[in-house]
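Single-letter residue listing:
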Amino acid sequence: MEGLLDFLKPPVAGLQDFYILSGRALRNLFRGPHYVDDIFIQMDAIGVGSLWIVILTGFFSGVVITMQMSRALAQYGATGQVGQIVAITLVRELGPVLTALLVAGRNASGIASELGSMKVTEQIDAMRALGTDPIQKLVTPRMIATCVMLPMLTIVADFVGLLGGYVIAYYTIGLTSSQYWTNAYQALEYNDVVQGLLKPFVFAFIISLVGCFYGLRTSGGTQGVGLATTKAVVVSSIWVFVVTSMLTRIFVNLH
Amino acid sequence: MTSAAPSAATTDSLLRFETVSLHFDETVALDSVSFEMFAGETRVILGAAGSGKTTLLKAAIGLIQPDSGRVYLFDEEITGLKENQLFDIRSKVGVLFQEGGLFDSITIAENVAYPLLNGRAHAVPLDQVEPKVREALRFVELEQTMEQFPAELSGGMRRRVGIARAVVSEPPLVLYDSPTAGLDPITATTIMALIAKERDSQDTANLIVTQRYQDGQLMANFRYNRTSGHLEPASENGAVAGDGSDPARTVFMVMKEGRVVFEGTQHELEASQDAYVQKFVPKYS
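In order, the protein sequence lines correspond to chains A and B.
Be aware that the first sequence starts at 728, since it is given in the working numbering, and climbs by one per residue.
Be aware that the second sequence starts at 118, since it is given in the working numbering, and climbs by one per residue.
Rather than coming from a laboratory, the hints here were simulated on the basis of the structure.
Fair warning: this is a prediction, and the values are worked out from it, not measured in the lab.
In the SDA-like style, the derived pairs of lysine to any residue whose C-alpha atoms are separated by at most 20 Å in a straight line are:
(1) A:Lys846 / B:Ala268
(2) A:Lys846 / B:Asp221
(3) A:Lys864 / B:Asn235
(4) B:Lys199 / A:Tyr746
(5) A:Lys846 / B:Gln182
(6) A:Lys864 / B:Leu180
(7) A:Lys846 / A:Asp765
Could you put together the complete structure from these sequences and hints?
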């Protein structure tokens, strides 16, 4: 029994610390000073910086889904419906999740390593000693920036994915433009679009706060920074999957 | 920097620890530490690695909260205060972290200006910020580095910029965490000379945490002469006597495994019979 408690203590304490950090980061939205410059710098790093990789991945996701789905649909003579399948899959699930995983890999690691390096060189302590709240200055701007940029990146990924699907549909399967696009457009319901935009918003909180959490907890020099970075990516990715399952369940039941 | 600030009365308590204990998981970092530091005093804390010196420094400004006991800063209790309540009182204390603790994403000038722009106890008008930054950098002889970034400077230079940042707002108390750690002997002496210069120009109280006895020796036995611009040996009845009449008296403290095992003047330190304390004093003196 003792052993079990000892085993559970660190993760539970960690979760508690995570909630405290998130609570503080959210509370800081309502109290000054607001570091607006930092928000814009982070939006540039997170949003604009991830744009090309999101476009590439989105495009090839669309291509691949269309190719695979068209094979399955061909069995039923329903290749004309491929636009619908691509639209629903991308907008509801793959767009948000793939984009979130990419941004988690790119930015949760970036945030964790940047904050971790600051922690091990005592810059965080220096900030506190000099009258600046590190959460206000470092965490809240990153949280805001990710929550603004991730939904936008997801929209881009969705569109580019549909475009990729179109390229395959038109050139390989032989659908006409109007067939593909009308089919895709009609398939999307209000429910799908809301789901597809709510998910990135929630993922953004997870990615930015997990990155900041592991960054600010770093100890043990450069090795610690490497460890924090890895943990940030792995944990945020896992939580993206867990949360998407939960949200999908909710939305499927709401339909 | 050249005009002396009016000396606070030597009875002004700046920092007081009352049976402060702190532990990290199973390791005891501080064990019933009690002492009091007054205005104008220089306190040198010696101790081996892991003896709790840095923890003491961090607890002094509330970066870590003790598990028991109380800490008073400028006669105000800071134990149990929340982070944003501590900002005002912290702005009256200058801190030099090990290796400088400079923010590497902003320039040297912006680093040194940071306390002036963020310190709430003393709002500095924007037009006065640059002259003060220049003056502080000139004090540490690094005025030419204003537009550079910390990564472009050597370790010793970063340390000096750290000192400039710690003293730019002219605080009455300055804390130094291992200011000479990892430096070559020449640079180490330069750094300690700057600290002595700061003490004698501004009559600040200094708390210096270090592993090297020479640092304490320099502070206790040398004075900065403003006319000649050099350090020179202090007179016999100055700091060494520690009789309180000299506002810049130097008190030594030795820590072992979180406990204070010695507190007194340099003479008393050198005369101590304790085996651990003796390790810090070179035998030939």
